[in-house]
Amino acid sequence: MSWTSSAARIALLLAFAAMLGWYYGQPLWAVVAALLGLVVFWLHQMQRVQTWLRSAGQPPPETYGFWGDILSEIYQLQKKGREARAQLQSTVDYLQNSFSSMRDGVAIVDDHGVLKWFNQPAQTLLGLRAADQGQTLMNLVRSPEFLRYFNRGEFGTPLEYRTAGDAGTWLRVEITRFGDGDRLLFIRDVTASMRMEKVRKDFVANVSHELRTPLTVISGYLATFLGDTTKLEPRYIKPLQQMLQQAERMENLLEDLLWLSRIESEQGLAMHSPVDIRALLAELQDELGTAYPQRKVELE
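In this text, residue positions in the sequence shown follow the working numbering: the first is 1, and each later residue adds one.
Simulated from the structure, these hints should not be mistaken for laboratory data.
Treat the numbers as computed from the prediction; the structure is a model and nothing was measured.
Among the clues, some could well be false.
Using 30 Å as the maximum straight-line C-alpha spacing, the simulated DSS-like pairs for lysine-lysine come out as follows [said to hold, decoys possible]:
1. 238 with 296
2. 231 with 296
3. 116 with 80
4. 116 with 79
Kindly produce the complete structure, drawing on both the sequences and the hints.
Shown next as structure tokens:
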């Protein structure tokens, strides 16, 4: 029933009351009485609507006319809202169950840094407790590297940092924004891979240093032999030249490995730091003198 039909019904009621009051000689009082009765009826209907709205999931009370249409539309909206919430809750439960089954840590933080949810691996890796849900993450994680990374807000590159303590573990943290400022954190224990990487770097550096000395000796003797070819038999000259060429090639490869090892070891250092140019040039002079003893390198 539309509001025009209800307005027509009210107009007919007032007209009937006016006619009845005119018959008894009190048309004004009759209209007032009709309006008061209408107000009482509407207040009663409003009280029923309020009572029904406070009840959880109950069907609307039986009524008719304009109020019946209002209650029916409200009930349909409530039903759709409950279905949408149930579907959304089902999706959230599915995601949380999926995250809970992961071996990596997963945590959800709102735009104020408050922990909304986290799984058991995240609780173990970050040192959280079940009662920490609803607390600020910045007050719970004490790592300065993590705090700087989280507050900076630039999450294009994952963070790898070591937790406090002598037996501290290495954690890899990836953060993704979603929703209205919420952040999804993935935490993984990368201690084993970091140790293997350190073993690899140490092995490359040690092997490079250990091979460098015998290659330098071999190159030095070969260069000495080839310094005066008049004393050598002609059939030995070409093999010795090839041996020297390959030895120098091996030395260049070792130099590349050493520089790679130095670059990897200095990746975690500050990007802007003072450099002693004199000491650097002296070290370069020493290395060039060792690699090429037949040549003289001077610094001006």
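Consistency of the hints with the structure:
The hinted pair formed by residue 238 and residue 296 meets the criterion: a straight-line CA distance of about 25 Å does not exceed 30 Å. For a cut-off of 30 Å, the pair hint linking residue 231 to residue 296 stands: about 25 Å separates their Cα positions. Of the pairs offered as hints, the one joining residue 116 and residue 80 holds, with about 27 Å between alpha carbons and a cut-off of 30 Å not exceeded. In summary, the hint linking residue 116 to residue 79 is supported, as the alpha carbons are separated by about 28 Å, within the 30 Å threshold.
Of the numbered hints given earlier, the model fails none.
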